[in-house]
Amino acid sequence: MRGAAAAALALGLLAAVPVLTGRSAVLNWLFLVLLHAGIAQSWNLLAGFGGQVNLGHAAFFGLGAVVARILWLDGAAVPWALFAGVAAAGAAGLLIGAPSLRLRGAYFAIGTLALAEILRITFANAMPEVSALSAAQLGDYALAPRYYLALLLAAGTTTVAWGFSASRFGLGLAAIREDEDVAAAIGIPTFRQKLLALLASTVFAGLAGGVFAYYHLSFYPSFAFSPIWTFDALIITFLGGVGTVWGPVVGAAFFILVREALALRLAELHLLIFGVLFVLVVVAFPGGLMQAGAALGRRLGAPARPAQRPQQG
Amino acid sequence: MIVLQNIVFGALVGGLYGVAAVGLALVFGVLKMLNVSHGELIMLGGYASFWLFSLWGLDPFLSLAASGPALFLVGAVLYLGLFSRLVPLHDEEKLKNSILIGFGLALILQVLAILAWTADERAITTAYAGQVWRLGAVVVPLARLAALAVGFVALGGLHLFLHRTDPGRAIRATAEDWQAAALMGISVRRTYLCAFGLGSALAGVSGTLVSIADAVSPSIGLSWTLKALIVVVLAGLGSIFGTFVAGVGLGIAESLSAFFLGGVYREVVGLALFLIVLAVRPSGLFGRP
Amino acid sequence: MNGAPVLELRDLQVAYGDQRVVWGVSLEVRDGEVVAVIGPNGAGKTTTLLATAGLLRPLAGQVTFLGARIDGLPPHTIVDRGLALVPEGRRLFGAMTVRENLLLGGYPARARRDRAATLAEVMDLFPVLAARAHQRAGTLSGGEQQMLAIGRALMARPRLLLLDEPSLGLAPRLVRRVFELVREIAARGVTVVVVEQNAFQALEHADRAYVLSGGRVAASGPARELLARDEIRRTYVGL
Chain A
86 MRGAAAAALA LGLLAAVPVL TGRSAVLNWL FLVLLHAGIA QSWNLLAGFG GQVNLGHAAF
146 FGLGAVVARI LWLDGAAVPW ALFAGVAAAG AAGLLIGAPS LRLRGAYFAI GTLALAEILR
206 ITFANAMPEV SALSAAQLGD YALAPRYYLA LLLAAGTTTV AWGFSASRFG LGLAAIREDE
266 DVAAAIGIPT FRQKLLALLA STVFAGLAGG VFAYYHLSFY PSFAFSPIWT FDALIITFLG
326 GVGTVWGPVV GAAFFILVRE ALALRLAELH LLIFGVLFVL VVVAFPGGLM QAGAALGRRL
386 GAPARPAQRP QQG
Chain B
141 MIVLQNIVFG ALVGGLYGVA AVGLALVFGV LKMLNVSHGE LIMLGGYASF WLFSLWGLDP
201 FLSLAASGPA LFLVGAVLYL GLFSRLVPLH DEEKLKNSIL IGFGLALILQ VLAILAWTAD
261 ERAITTAYAG QVWRLGAVVV PLARLAALAV GFVALGGLHL FLHRTDPGRA IRATAEDWQA
321 AALMGISVRR TYLCAFGLGS ALAGVSGTLV SIADAVSPSI GLSWTLKALI VVVLAGLGSI
381 FGTFVAGVGL GIAESLSAFF LGGVYREVVG LALFLIVLAV RPSGLFGRP
Chain C
29 MNGAPVLELR DLQVAYGDQR VVWGVSLEVR DGEVVAVIGP NGAGKTTTLL ATAGLLRPLA
89 GQVTFLGARI DGLPPHTIVD RGLALVPEGR RLFGAMTVRE NLLLGGYPAR ARRDRAATLA
149 EVMDLFPVLA ARAHQRAGTL SGGEQQMLAI GRALMARPRL LLLDEPSLGL APRLVRRVFE
209 LVREIAARGV TVVVVEQNAF QALEHADRAY VLSGGRVAAS GPARELLARD EIRRTYVGL
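Protein chains in written order, with my numbering: chain A, 86 to 398; chain B, 141 to 429; chain C, 29 to 267.
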């Protein structure tokens, strides 16, 4: 319960930020953290809790972004545009997930990778023009509604992650992640559970894309499908702690902090640093920063946090 | 005649998909690990040939003798430093972690290439680049045809190595049953190293062949990985030449669909084939039912 | 049968993860012997062999082969020292030809020098393998597969041959043939350990035997003597 109270307090503080400060730098920074927390958390829902590696999260993010953007610029109300993007992302998730999640092994990873890359190239061919806001839209632009949407996204995904961590459904997902044969043997409908988690994951990725499309003044449609979004989701989740409720949130704050600090010097440098950190975490600390911190704390005599990840080997 | 021309171009590209896929399949078949940075190794092979050509004027066909061994070493280092740590894991965890490591490596190698050589496209322009062979109305670019032939010969060499030599048989035995292979006196870890190195060397060879036909840039890796993955899903792990043929098939399918449906949808055919394979033959190499 | 000790297990303990299967097995095999290891399902027979051959790492205890400790060594090194295992279920390379399987058997450096000669010997011992040399191993019948598995292990020119359930899944006539072969191999100077569910055949053809139960040695002695003991006949032989 203490956790829930702390979360509510944090949510309240974050909701108050636009009222307390008019500085758009602060709001922009927090927006980026919340957006990335949402992207990473939505990836974490399936991969972290259910163990299914999605290498094409950018596909669902991109569909949400492009569909919402087109409808919004066409005059549709923002909620409807966002909803359509979410629906497109969820439908694409089912298209890839239904055949590939029946199977084990690498099919799902390959299928999602293929979807993202093929959508990226196809959109680069079909919509090569940059998508920019009109002068009227620029005049109406306000940061606060974008910020609240991102907050909604981060809070929504994290609430679902919390639900996964504390429910029978989430327990089933954990069993699938540990050993799918055993999970099936004890009566867990493995395919249905994986597909539902995928649906939650892709729907939120679509919403994240919609928030991005509503926020950005101009972007190339194919950029919304760039593998960089998938990389970000993986890196943030693994740095924070894969399969944990708060890992993606902590990871996102750390990621944006470092990225914005480094971006001034050299654009590619932060990618290199995070790429190396990511590989190190996968190889050496599969529990991520939070667990590494807990382990460090244990060594220093602090009370231990239980491990969230399976023992390897 | 235009259709035939499209088939020829598709086959020329597709043969390279096949060579790329064989390297990926070799690593997967033996180690049960999926190296999704295979395309970035291809990119490195392409750069090796580009620099050897532009700095010393070395013909790309000759630089195969450098790009193959160089990438063998890169692969060996990646295996020893990273992938070998996954060997003790059980199968699914091993596969999953290899995919994650490969994905991270793809990012790292791409960024390193940008930092070292900028994001610009680089192309090799040899004296014979424009030469073609005319068969009636169909035009066959000679350099590309030669690249395809060299790729085919490389695969033939791999086939002979795997079937006619002791280390090659050790690789095949380890792929089939590593415990039984260990009982034959085969060092499984050394075999893994050898197979990973060979797979990477094949990526290096593919990279050189790509540089002959096309420009290279730091970002070409992912799309080559994807082509190789789709070809392996199409062909299975059974035979080297089956994989080559599947690569040619994918190349022709892409080229024909671009011709009939328009260039925008060129890439969609690969995804469609992948989904069809899952529907028709829902088991096999990358997973089990 | 009083040759020098070839293999000695002292208080061997083996576990899969945290599940202990072998709780302290000690046994000794002398040069030229055929030793049978019998016992019910789950007694730890196969696990003992796998740990001896290096495919499992023992939790505790010692394995001494030809006077040197081999526990903890990787399996390929152990083969090279002259200890070959024919695993349960044969574990042939089914996609490879009979000849390729045999050549792989002769992979250890020590065996490779005379590989051509050994190949001729093995083909001589198993004419059926010579006839099917270029057929894929996966297409052989069960009996032929067992012959190939044994032949493949012999290609390593072992001093000690461990056979795990060689009669599994074979017709009675073939079971007899397998045990005749075991004697024939022993006569050629290879010491043999046979793990068997088919206790009667094993005891009939072995010099000495160990009875394993619950991961421990429950009885041991000359095979004929064990076969004559009532409680062993009732419990393990089913007569």
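No lab work stands behind these hints: they were computed from the structure. Some hints could be false.
Stated by the list, open to error - Computed footprint of chain B on chain A, listed as stretches where at least three residues anywhere in the stretch have a Cβ under 8 Å from a Cβ of chain B:
| no. | segment |
| --- | --- |
| 1 | 134-145 |
| 2 | 201-214 |
| 3 | 243-250 |
| 4 | 280-288 |
| 5 | 363-369 |
To be verified - Residues on chain C that point at chain B, a partial pick, calculated with CB under 7 Å:
| no. | residue |
| --- | --- |
| 6 | Thr92 |
| 7 | Pro103 |
| 8 | Gly133 |
These numbers were taken from a predicted model, which means no experiment stands behind them. A virtual CB, placed ideally from N, CA and C, is assigned to each residue, including glycine.
For each hint, the structure was consulted:
Judged by the Cβ-Cβ criterion of 8 Å, the segment 134-145 of chain A is covered by chain B as claimed, because 3 of its residues qualify and three suffice. Here's how the segment 201-214 of chain A fares: 6 of its residues keep a CB closer than 8 Å to some CB of chain B, so the rule of at least three is met and the hint holds. By the rule of at least three residues with a Cβ nearer than 8 Å to a Cβ of chain B, the coverage given for the segment 243-250 of chain A is violated, with 0 such residues. Counting residues of the segment 280-288 of chain A whose beta carbon lies closer than 8 Å to any beta carbon of chain B gives 0, which falls short of the minimum of three for the stated coverage.
For the segment 363-369 of chain A, the stated coverage by chain B holds: 4 residues have a C-beta nearer than 8 Å to a C-beta of that chain, and at least 3 were required. A distance limit of 7 Å between C-beta atoms decides the matter here; for Thr92/C the minimum to chain B is near 20 Å, and the interface restraint is violated. Here the hint on Pro103/C is kept, as its CB sits about 4 Å from the closest CB of chain B, short of 7 Å. The restraint placing Gly133/C at the interface with chain B holds, with a minimum CB-CB distance near 6 Å, inside the 7 Å limit.
Consistency note: the structure conflicts with the earlier hints numbered 3, 4, 6.
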